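Colleague: Sequence:
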Amino acid sequence: MKKSVIVFSIFLFMSFSMNLITSVAQTNTFSEGIYGIEGLKLIPNVPYKVRNVSGGKVFITILNEDLIMEQSIRFQPNSLQYVLNPMQYGYKIIIAGSGQLSFTA
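Be aware that the sequence shown starts at 546, since it is given in this note's numbering, and climbs by one per residue.
No false leads were slipped in.
Calculated cross-link-like contacts (lysine-lysine; reagent style DSS-like; alpha-carbon spacing at most 27 Å): (1) Lys602 to Lys637; (2) Lys586 to Lys602; (3) Lys637 to Lys594; (4) Lys586 to Lys637.
Because the hints were derived from the structure by calculation, they are not lab data. Since this is a predicted model, take the numbers as computed values, not measurements.
Kindly generate the complete structure, drawing on both the sequences and the hints.
Modeller: Here it is, written out as structure tokens:
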């Protein structure tokens, strides 16, 4: 009887430990360049948070599919987070400067 309780306890412990789900926010870091929303692997209609994670200054411009400027932000080194307007497929993101921007959902 004692052995069966120990074996049952071990299997119960193993079953609880196997079902753990780890949730991690996706973080993407990009430097200077011209990107599409697909190239940055961003999901449409999501207001992403973006910040400068480096020591250089960075400027970001977001253009819609008609090449009309939707948003533009200048980042100081190691800046605070800014929330971007939700983007659609076809949008272009222009990153200029010597820093790196980190996108978080």
